[in-house]
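Residue numbers (our numbering), protein chains in the order written: chain G, 13 to 755; chain W, 13 to 755.
Think of the hints as simulated: they come from the structure by calculation, not from any bench.
Since the structure is predicted, the reported quantities are computational estimates derived from the model, not experimental observations.
Just so you know, not all the hints are guaranteed correct.
Heads up, the list lumps identical chains together, so a pair's fine if it works in one copy or across two of them.
Claimed, not checked - Calculated pairs, EDC-like style, for lysine to aspartate or glutamate (alpha carbon to alpha carbon, straight line, at most 16 Å):
id: 1; residue 1: Lys113; residue 2: Asp753
id: 2; residue 1: Lys102; residue 2: Asp731
id: 3; residue 1: Lys281; residue 2: Glu637
id: 4; residue 1: Lys415; residue 2: Asp106
id: 5; residue 1: Lys640; residue 2: Glu282
id: 6; residue 1: Lys664; residue 2: Asp52
id: 7; residue 1: Lys633; residue 2: Glu282
id: 8; residue 1: Lys361; residue 2: Glu117
Number of protein chains: 2
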Amino acid sequence: MIKQVLVGVICGAAVLTVGILIGHFGITKTGSSAPSWVTDVTKDVDESLIDKFLSEVDNIQIQENLRELTKVPHMATTAGDEQTVQFMLKRWQDPETGLDKAWREEYLVYLSFPDPTNPNKVTVVSPSDTVLHQVREKEKNYTSDQNDPEVVQPYAAYSPAGHPKGKLVYANQGKPSDYHLLNQTVDLRGTIAITRYGGAGRGAKAINAAPYGVIGVLVYTDPLDINDGLMSDTSETYPHSWYLPPSGVERGSFNGQYGDMLTPYLAAKEGTYRIPVENITGIPPIPIQPIGFEDAYILICALGGEAAPASWQGAFNCTYNFGGPGFKSTSAFNDSDVKMDIFNQEKIKNSSNVMGVIRGSVEPDRYVIYGNHRDSWVHGAIDPSSGTAVMLELTRVLGRMVKQGKWRPRRSIVFGSWGAEEFGLIGSAEYTEQYFAKLSERTVAYINVDIAVFANATLRASGMPSVQNVIFTAAKQVAAPGLDSTSVYDNWIRYSNRTSPNHGTIPRMGFLTGAGSDYAAFVHYLGITSMDISYTYDRSKTNARIYPAYHTAYDTFNYASEFIDPGFLSHQAIARTAGNVLIRLADSLVLPLNCSDYSESLDDYLNTAVSLYEHKLKAWKISMEPLKHAVASFRSAAAHLDHVIRTSDLAKETPLKVRKINDQLMLLDRAFLDPLAFPDKYAYRHVIWASSSAGKPTFPGLADAFASAESSGHSRDWDKVHFHLSVLSQAIEGAAQTLLDVI
Amino acid sequence: MIKQVLVGVICGAAVLTVGILIGHFGITKTGSSAPSWVTDVTKDVDESLIDKFLSEVDNIQIQENLRELTKVPHMATTAGDEQTVQFMLKRWQDPETGLDKAWREEYLVYLSFPDPTNPNKVTVVSPSDTVLHQVREKEKNYTSDQNDPEVVQPYAAYSPAGHPKGKLVYANQGKPSDYHLLNQTVDLRGTIAITRYGGAGRGAKAINAAPYGVIGVLVYTDPLDINDGLMSDTSETYPHSWYLPPSGVERGSFNGQYGDMLTPYLAAKEGTYRIPVENITGIPPIPIQPIGFEDAYILICALGGEAAPASWQGAFNCTYNFGGPGFKSTSAFNDSDVKMDIFNQEKIKNSSNVMGVIRGSVEPDRYVIYGNHRDSWVHGAIDPSSGTAVMLELTRVLGRMVKQGKWRPRRSIVFGSWGAEEFGLIGSAEYTEQYFAKLSERTVAYINVDIAVFANATLRASGMPSVQNVIFTAAKQVAAPGLDSTSVYDNWIRYSNRTSPNHGTIPRMGFLTGAGSDYAAFVHYLGITSMDISYTYDRSKTNARIYPAYHTAYDTFNYASEFIDPGFLSHQAIARTAGNVLIRLADSLVLPLNCSDYSESLDDYLNTAVSLYEHKLKAWKISMEPLKHAVASFRSAAAHLDHVIRTSDLAKETPLKVRKINDQLMLLDRAFLDPLAFPDKYAYRHVIWASSSAGKPTFPGLADAFASAESSGHSRDWDKVHFHLSVLSQAIEGAAQTLLDVI
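All chains, please: the whole structure from these sequences, using the hints.
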């Protein structure tokens with residue numbers, strides 16, 4: 013009986029256990045089981061996926077991308093450009109490694125070209141009209157690349173056509189102060205000025221000259237500024253090194269604002285209103301033409317007049333004189349004029365952006381945009397194809413993961429291959445104009461990788477302060493090229509660092525204040541959190557303004573693979589770093605954007621502003637208290653949001669709480685927009701980041717308004733300072749409001 | 013044995029069942045059970061709660077609110093205004109029926125007042141300086157209300173002070189065409205013009221006059237325009253009826269733009285930059301003063317000169333002559349002048365908004381804003397206290413449900429009691445300037461109920477077309493006042509209807525094109541989907557421009573309860589309708605905003621524009637194709653989003669998919685903003701809804717630009733038409749983009 017009871021109890025217990033197990037695991041609970049989407053919406057970035065991504069980024073693939081992209085010159089809207097459009101589309105539509113969707117977007121944009129049948133000429137002509145010297149029309153051939161018939165003659169885009177003839181003068185960098193000084197010695201009316209690159213914008217060299225009566229401008233690159241003084245193409249310059257050969261000429265756009273110039277604030281479509289050409293501002297009012305230093309040497313060393321100041325001297329082995337005006341009597345050019353024959357033509361041409369997307373799984377209405385321009389001046393191996401080669405490697409690796417069903421980002425990723433950047437960031441600007449509302453509402457961040465590799469020394473990154481942290485995280489996970497046990501981050505901090513109150517010694521990031529690449533429209537017009545990433549120089553080893561073949565016929569695959577990044581390891585490091593940032597922005601549950609780092613930068617700007625301006629402003633009864641209050645509000649709101657993020661287990665919270673925080677982070681830069689902040693700057697609306705002529709490390713509009721009021725002394729200019737101070741303070745207060753508890 | 017086996021099997025089965033039950037119900041599944049927030053995030057609006065709300069809205073409570081609010085005059089920034097601030101705060105901070113939080117927000121704003129120690133005077137003076145007639149300085153007393161020392165003397169806010177004296181002329185409504193015609197008969201230099209309200213904006217009557225040399229303007233309300241011709245206070249006008257007594261004077265703001273005039277686009281805080289007073293535009297350049305028709309009758313009937321045209325004649329029993337200039341020789345005023353002594357003073361005063369919030373449970377970062385101004389000219393029973401009394405009843409009913417824990421809305425509700433509306437919508441405008449970023453990002457809709465009840469006949473609603481549907485839904489659930497078996501909706505459709513291609517015969521909604529109340533900054537500056545709701549006239553029964561006591565000392569509790577809404581049933585109907593809309597906007601899973609209804613209105617506007625303009629535009633080589641394309645894109649995108657909403661079971665979808673759709677709906681109006689669309693209109697940025705002088709039922713900027721080009725014939729004005737057409741087309745295309753699949 014005891015045994016029977018025992019067996020009964022044991023059996024009963026066993027049956028009960030089976031029952032419990034069946035009940036618990038075998039039957040789905042109705043009404044309380046988790047919907048299938050719960051796991052998806054609470055998922056965070058997958059570190060093993062990032063490891064896999066990093067390991068798959070391949071330097072040789074990048075090299076082959078670059079080889080393909082640089083086969084022919086691909087200046088905007090040329091046949092070569094169309095070839096790259098087709099190439100991008102083919103790659104992004106590839107069934108095994110392509111994106112979800114890829115297409116082209118076209119704009120009818122205002123460009124400027126030399127006349128192929130009537131090349132621009134610069135000559136020295138004697139009083140009897142004999143041509144004593146003719147400036148080289150095309151760069152000298154070293155590899156076969158320079159002989160390609162599609163290599164465009166060096167020219168200044170948007171320079172007017174014209175045939176000025178006059179005495180030559182040397183005007184240093186063509187800054188206002190240069191012409192002012194020169195005019196004290198020489199009557200500039202009717203002269204041709206020769207200037208060197210640097211110090212002022214390209215077009216500014218002509219714009220600054222015209223008020224003095226100068227009728228034409230030449231511009232060249234001095235070996236001092238680009239070649240560390242070297243000049244000889246028999247041993248020193250490319251193809252012997254990365255240095256610019258004597259006949260090399262930097263082409264460029266000579267306009268002053270970004271986007272299509274005929275359709276300000278509107279997408280340049282058929283039927284779009286176009287302003288009259290004569291209403292365009294910011295372009296040279298007089299002809300200007302770039303030439304090589306080979307010719308500049310001949311011209312400058314023959315100039316008469318007094319010796320120019322020491323700061324005007326370049327690397328030529330002669331004294332740079334102002335010019336008599338004109339050449340010295342002892343030179344062969346005595347009494348001769350310089351004549352420019354410029355035949356540039358403006359045309360409305362069809363330019364394409366190539367777009368590709370990977371659709372987001374959980375938040376498809378949040379976009380991470382990654383872009384670079386596609387057009388070059390000539391073959392453009394470094395500018396911009398190094399960046400495009402990197403982008404194509406990213407899309408190959410990510411596209412394959414998507415096609416294989418191994419991955420789909422939480423948010424959507426948009427890739428943009430912009431057209432006509434070289435003429436003024438036109439493709440990206442038109443894109444932001446066409447899709448203004450959609451992009452403003454949904455874009456988490458824009459990543460720009462234009463020239464991916466300037467040189468092999470160190471990472472360079474610029475952007476809003478809020479992206480600092482995600483770039484650091486990414487850079488710590490990537491090995492520095494050629495340095496197995498050092499990360500890109502650890503290498504970077506050795507080249508460029510600063511002390512942060514919050515973080516101690518960290519790499520120094522730059523800010524995106526100007527319009528140097530396609531981030532401009534995203535930063536200034538849309539107020540989208542942006543960054544620009546590249547590998548760059550060891551500044552202790554060269555003083556070159558930029559890599560020497562920039563915008564010349566020598567920026568070729570051979571140049572890039574021989575002298576810029578042999579083995580393409582720096583390209584690979586950029587692909588890994590930028591790709592890592594991209595994945596983190598697309599996949600992180602909470603956006604990896606840090607508002608306290610933003611606050612640190614505002615604090616710095618405020619401190620500088622107070623020490624530079626407060627005393628003088630008080631004299632004009634303009635108080636800086638509203639600005640101080642605003643920055644303090646921002647600091648405290650940012651610290652609060654940071655605290656909420658750090659102390660919450662957001663994977664367990666409602667997805668709408670996470671979304672709320674992400675929206676606060678995403679929209680932070682939008683809060684700094686004010687279309688009235690910079691009445692004199694086209695399409696600059698972000699009150700914190702803008703170009704500035706005052707050159708102070710502080711709020712750009714305040715610095716410029718202050719400088720202008722201080723120089724004029726007019727009370728209406730001090731009113732403008734006060735007005736801008738109010739705009740700035742209220743924008744910062746408004747931004748702080750968006751970081752507080754939402755209600 | 014069989015029995016034992018049987019017992020064993022039965023026992024075993026029973027134990028198993030117990031086990032299954034324990035396993036299924038007794039033990040929480042880890043990892044797969046639904047998080048507690050799943051139910052919350054998928055919850056839709058609760059119809060039984062709406063029923064409860066409707067039943068709790070009480071007409072007597074509204075009546076008592078009104079009694080309290082109108083005890084004393086409460087012109088902006090006066091002691092009476094402060095009393096209402098305290099009253100609102102007390103109610104919204106009530107522990108049993110208050111809101112989650114209530115507070116005040118202060119602005120230092122530019123106002124204009126008469127000098128209490130030196131009242132404005134208008135007199136008729138003989139050539140020997142004898143005063144022959146003096147215009148009444150204060151309105152006649154009928155109830156004790158008009159004797160309150162705080163009743164402000166009738167005046168024209170922002171009229172300059174001054175002492176013009178001259179011959180009187182009658183200038184009809186003071187429109188440009190009126191002065192033009194008058195000037196053909198009379199030399200207007202040095203004259204004083206008397207005008208009647210209507211036809212032109214208040215300030216415009218003086219602005220239009222000044223170019224002709226007119227030195228002062230009087231304005232009065234003709235009994236024709238307000239009293240259906242009645243004039244006698246012994247039997248016909250208040251307190252015998254709702255009609256205006258002869259001494260009643262409409263006060264008002266005579267400025268032309270909204271918001272604080274010294275701080276355009278900036279919140280008017282201490283330290284904010286203020287423009288110089290002389291830079292203010294849109295205010296009267298010469299003194300202007302409103303008077304009662306009692307005095308206007310004496311002045312106008314004594315005027316000499318020719319008879320004015322028939323359309324200029326009013327209800328007085330005399331011929332309205334132009335004026336000789338001046339009085340006729342047969343009158344007692346022969347050869348006399350009219351003299352104005354205006355002592356208005358501008359002051360910067362502290363004005364308060366009172367704010368209150370109910371925090372949202374699921375999406376606290378989405379705001380439904382409900383507001384009305386608090387300031388009046390005198391007691392302001394109808395304008396604005398009828399709306400405030402309704403708002404207080406809404407907050408009482410909703411606040412109690414919140415305090416009792418019975419309800420918390422999905423989204424946050426923000427209540428705003430705006431200050432200084434009467435001076436130019438100042439409180440609401442400053443609020444939108446201060447919180448521009450936050451409000452732009454998060455506001456679902458703005459509901460304005462200013463004058464809740466003009467009269468007892470029918471609902472009147474204006475707004476963006478996307479709110480039509482939710483207003484209809486709400487109006488169908490509310491009984492029309494005094495008509496038990498008829499809904500507000502069914503009553504409305506009898507008074508005002510139209511045929512919609514999608515819906516058949518429906519009530520006719522208005523659009524918010526101008527700046528008549530506090531919705532202006534929300535619509536035009538922020539691009540927030542807005543609506544304005546009230547109860548109004550049977551237009552077959554009166555021609556009154558507005559309710560006759562408008563802006564006079566007769567707009568009292570007595571007037572409202574005797575003649576406007578005895579029993580307060582219309583107030584109750586508005587509270588129920590607007591409250592129902594409010595709850596639906598706050599609680600619906602999918603926002604009840606319909607983009608196809610928006611599309612229907614754009615179609616109407618397009619058809620009108622094509623038929624009015626296409627032929628002439630073709631002659632100027634301006635194509636309307638981009639606009640047609642844009643409206644077609646919008647139509648198809650809206651239909652698509654509508655289809656997605658209708659065919660999805662969104663309660664089962666991820667909450668982020670619902671949020672995506674809601675963001676598309678919420679941000680639709682933001683996509684229509686372009687700060688460059690109306691360069692000549694302050695703070696108008698919404699390309700579809702704006703004030704327009706052309707008076708055509710189509711896109712306002714296009715209509716105005718076309719009218720201006722047609723009148724001038726200048727090609728640069730046709731360029732402006734083309735420019736605006738591009739702005740408009742691209743904004744609509746951009747809006748359409750936001751409604752498509754997001755990627």
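Going through the hints against the structure:
| no. | hint | in the structure |
| --- | --- | --- |
| 1 | Lys113 with Asp753 | between (38 Å within a copy, 13 Å between copies) |
| 2 | Lys102 with Asp731 | neither (56 Å within a copy, 42 Å between copies) |
| 3 | Lys281 with Glu637 | between (47 Å within a copy, 12 Å between copies) |
| 4 | Lys415 with Asp106 | within (10 Å within a copy, 60 Å between copies) |
| 5 | Lys640 with Glu282 | between (48 Å within a copy, 14 Å between copies) |
| 6 | Lys664 with Asp52 | both (12 Å within a copy, 14 Å between copies) |
| 7 | Lys633 with Glu282 | between (52 Å within a copy, 13 Å between copies) |
| 8 | Lys361 with Glu117 | within (13 Å within a copy, 54 Å between copies) |
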